[in-house]
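Sequences and hints are given; from them, build the entire structure.
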Amino acid sequence: MPVAASAIYFLNLRGDVLINRLYRDDVGGNMVDAFRMHIMQTKELGTCPVRQIGGCSFLYMRISNVYIVIVVSSNANVSCAFKFVVEAVALFKSYFGGTFDEDAIRNNFVLIYELLDEIMDFGYPQNLSPEILKLYITQEGVRSPFSSKPSDKPVPNATLQVTGAVGWRREGLVYKKNEVFLDIVESVNLLMSSKGSVLRCDVTGKILMKCFLSGMPDLKLGLNDKIGLEKEAQLKSRPSKSGKTIELDDVTFHQCVNLTRFNSEKTVSFVPPDGEFELMKYRITEGVNLPFRVLPTIKELGRTRMEINVKVKSVFGAKMFALGVVVKVPVPKQTAKTSFQTTSGKAKYNASIDSLVWKIRKFPGQTEATMSAEVELISTMGEKKLANRPPIQMEFQVPMFTASGLRVRFLKVWEKSGYNTVEWVRYITRAGSYEIRC
Amino acid sequence: MAPTAPSPAKSASPSQPSGKSEVSDLKQQLRQLAGSRAPDADDQRRDVFKRVISCMTAGIDVSAAFGEMVLCSATSDVVLKKMCYLYVGVHARAHPDLALLTINFLQRDCRDQDPTIRGLALRSLCSLRVPNLVEYLVTPLTTGLKDPSAYVRMVAAVGAAKLYHISATTCLDADLPAALKALMLSDPDAQVVANCLHSLLEIWTLEAANSEAAGREIETLYSKPVVFYLLNKIKEFSEWAQCHVLELASKFLPSDNNEIFDIMNLLEDRLQHANGAVVLATIKVFLHLTMSMTDVHQQVYERIKAPLLTLVGAGSPEQSYSVLCHLHLLVMRAPMLFSSDYKSFYCQFSDPSYVKKLKLEMLTAIANESNTYEIVTELCEYAGNVDVPIARESIRAVGKIALQQYDVNAIVDRLLQFLEMDKDYVTAETLVLVKDLLRKYPQWSHDCIAVVGNISSQNIQEPKGKAALIWMLGEYSQDMYDAPYVLENLVDNWDEEQSPEVRLHLLTAVMKCFFKRPPETQKALGATLAAGLADTHQDVHDRALFYYRLLQYDPAVAERVVNPPKQAVSVFADTQSSEIKDRIFDEFNSLSVVYQKPSYMFTDKEHRGTFEYSEDLANLTVGAEAPETVISAQRYQENDNDLLLSTSDKEDNGIRSSNGSYTSTYNAPSDLLSSQTPAETALINPGSSTYSTQTNFSLDDLLGLGVPDAPAPPPPPALALNSKPVLDPATFQKKWGQLALSFSQECSLSPQGAASLMNPQSLIRHMQSNYIQCIASGGQPPNYKFYFYGQKAGAAAFYLVECIVNTASAKAQLKIKAEDGTTAEAFSTLFQSVLSQFGHS
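Protein chains in written order, with UniProt numbering: chain A, 1 to 438; chain B, 1 to 841.
It should be emphasised that the hints constitute simulated quantities derived from the structure, not laboratory data. Every residue gets a Cβ at the ideal spot worked out from N, C-alpha and C, and that includes glycine. This list has only true hints and no planted wrong ones.
With a cut-off of at most 35 Å between alpha-carbon atoms, the simulated DSBU-like pairs for lysine-lysine come out as follows:
1. A:266 <-> B:233
2. B:146 <-> A:134
3. B:305 <-> A:206
4. A:299 <-> A:346
5. B:423 <-> B:400
6. A:210 <-> A:176
7. B:27 <-> A:134
8. A:319 <-> A:362
9. B:233 <-> A:416
10. A:176 <-> A:266
11. B:235 <-> A:93
Here are a few chain B residues that sit away from chain A, every Cβ distance over 10 Å (derived from the structure):
12. 28
13. 67
14. 167
15. 567
16. 797
17. 820
This is how it looks when you write it as structure tokens:
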């Protein structure tokens, strides 16, 4: 049995039940108490997301201030269960509009019960796709008392749609203006040693799409990835154009993408769902362009003073700029006094995270900025110096830049009515975990 | 909607007055609304219903309002209906008579024109779980399965499984499984097919315990037509259903290599699916299908590498955790697999500690000549980590890598640097490691001793570290100038030493030191023995007394006992048997991998909660796997103990190990019973014997064996076997050790038999259908090893068989031991005939 969840609970941080839904009788009633007793109120909390108590396994996840707990009594499929929770939360979010937390649950608990009924039956996951569910579970959900007969069309239609062959798209959509928005969002992860060598660096990217297209359109997306280009050159028997090609380490696609065709022809072709969705995800480890270089120097002057000097260089194109750059430099707990000098942006000491936080709103390409800080420490007895400081962390986003170098070469739309479409493409690179040891 | 009246935060118990008055208030409001035809009545009802549901969620007993809720439920408002159904579903069982009231309107809704309503009503009807209402379920379910709307069929398909759980006979009498099967193979809608599959698997798996027909039904589910039919439709299924179908496919036994390649080609693109669960399920199929083809198996590992690495980094930490658990399992089987991708397992500062811990384990597992330097450098970074448990783990990881013999020289240097970091826990962990290293590489003693000698024992608080230091002081006292004086100091503070472990080590270390440097230690030894004799801890007292008497008897003997010449340890004992590891691998993509235990250890009722027992059982299974090797392993272990735990630990360990075996029998009454009188219990009360047989069965069941199997062909009349013999691994091992060999011969397998032995399970299944049970199996192609047993019908005598099969030569070597020597020959003939039939059926 892949999942066969016996029950699902939503608890707040104190352990109060916000929602509980029992799907099967094979677990006792006091599962929540067991969870509270053995996990929430112990040090074990957060040490492992899968625990066994008695004969039941608890798979739990914390999302903002809510614990979602799945209880199973069989040898369940863990990854399936966690994925289910993640998907369910995404579904709830799309219903409440953005946030998922204790308040949102309290305000929408009837809706959540309704959804829990639909997305899982007897412990088996059913349909979790928001597009489809929204057709027949609406927050209003009222059938007018005067038309108790099936007069309103979408409802019976919806149930047909629940399970159709193209489960992700409804037929008969009409838009006045046919538009497609493509967002290529990359997050770049870096781990750099204190000596300045790159220990680990990769990019995880995703292509987000927003489609407002009529009918049942067929889309084809071309990227500058190596395999795709080679295949294309091979098919058209002409040498591949020079220029940068990208080697994707691994790709995963939304269920709408025809994977057979991807494997044979290396093209991404699909019938898109309506509205917003994640078309594909990819990972790249070779040839990553790091947008920023960070050069820290930290000197300890005696027992009570430190001198911190951080230089940040932007290495992307001079016409581009980064937004929301934040550099967090960890300092010892016993920091008493700090003073700063920065060439741009503002710096301050944040005691709650024991870090100096340096913020630069707009950071042009091919420039550099420095921050020098003096830190005075309270002298303490016996406290030995930390052997390792936590790493410097950095946040940023660079629009119109991809750390991988990935570009969209074309996006073609075919529909039998032959309408014209407008395509919009955006790129953005964000910091994933961008860590520099010092 | 405004937050409802009593904050659910106060999880009030039913007896609390606040809850009670709330409920009676709600009851009253419901009563008023029941007959109301006011235009806004539905809105008001909704509000009240919401309050009822929120009370219910908070744990307040609202069952008192059942009647009123039912009265109000006659409405056309869908949301109201749903809330009411939810309420009824929770409380119906406590009020079966009142639940009857709801049947009427649920049945009516099952005939509604709107398929949503029909589906909803049917689902609620099946969720009532009231046994005496099952008669009302059959008709709606049968019609539901034929409903024109896929939504209703989908609900009905799961409903059948619900009905089975309430009343198995009703479900079977109504012939619902047959209808489900027909629907599964014909319905155009993928979700209906998937739900039929869920239900059928569940029904037949549970039913298999009492009927053989059910076992056959399971076989058909795993048969080629069904599996191929579902796989061909795989793209139509939802991602969750895909997981299920793939799980089914992983248990499929292909008849030839072409089928294997067909399936793999078909599923290749599933590795690109965005859902990690689908990817893992696909990987399971690939790995299991190619078990018998070593080359392809290796290629599969290469192919799955990239998707797995993506999964590690993608998604929530919980998802990474589950993926990392699987990676760890794979890496134990194929350590080379990720050796060049070690950087993917570097810890990020923001990783939660459970992810970090697994990453450390991965780094340890993949270390080899080429990457040790980088990995150890990285691990050393973590040793100063703020997160102390992780810092400890990383030091241990460095030690483990050192014990794997790669680049020991550099690692020892690093370890010695840790000692200079001057942090309590770092020093303590490092000392333990240095001790282990010295036991394996005595040649390093000079370098280590020089550093260790500088450590002041006062700075180490942790018993384990302190004990390690003391061990080294005793062991290398001839090389450490001030060892006797350090020990003397420690003895002076004997009373302040909290940990008995440290005191035990101190006793032994002083003894050792005495034999190496008598004049300097004599005084300390006297003080130690005196302190030890006066100690309140029994073990410490006993050991001191033992040393005292030993010295009195003959110091030369004492020296031989305490300070014998030692050999370096070559291999540290592996904690888990390969049998267990294979079992876990069979259950890839499930909780077993996370717990690192086969599922029977945590799902069977007997094992629940008593972890000690399960661990014991694990050890026993190890034993059962290869009786002779275990015996030699035990001998070996004793040798090891000499070296591993220092001599003085020997007697201690002896006690411990015998203790261990006591507890194993003590904790497990069933075990005790069957080991003492296995035959009698089986004989006297065949009914009760199912208790432990079920353990065996459920084991096999998890492997998809679908026991009991098709009825056996009539065995030769010469010997009839007990159809359900009971023998536990421990007893098997004991008997195997005691009995003399009755027969040892070689026989040949039919070529078909050898061919279908892609997977050892098929043979086990075959033997089982002939009442010969398998207790352990293992091996890699082409060599498999099995341990079987059988029992003469109506008698107590067991037959034990060791069977080594070589699929390449189609030969099997048999060793048969029999408790009843007179029938041994008959059994041997029977066994061989059964074996030779394998592959023909």
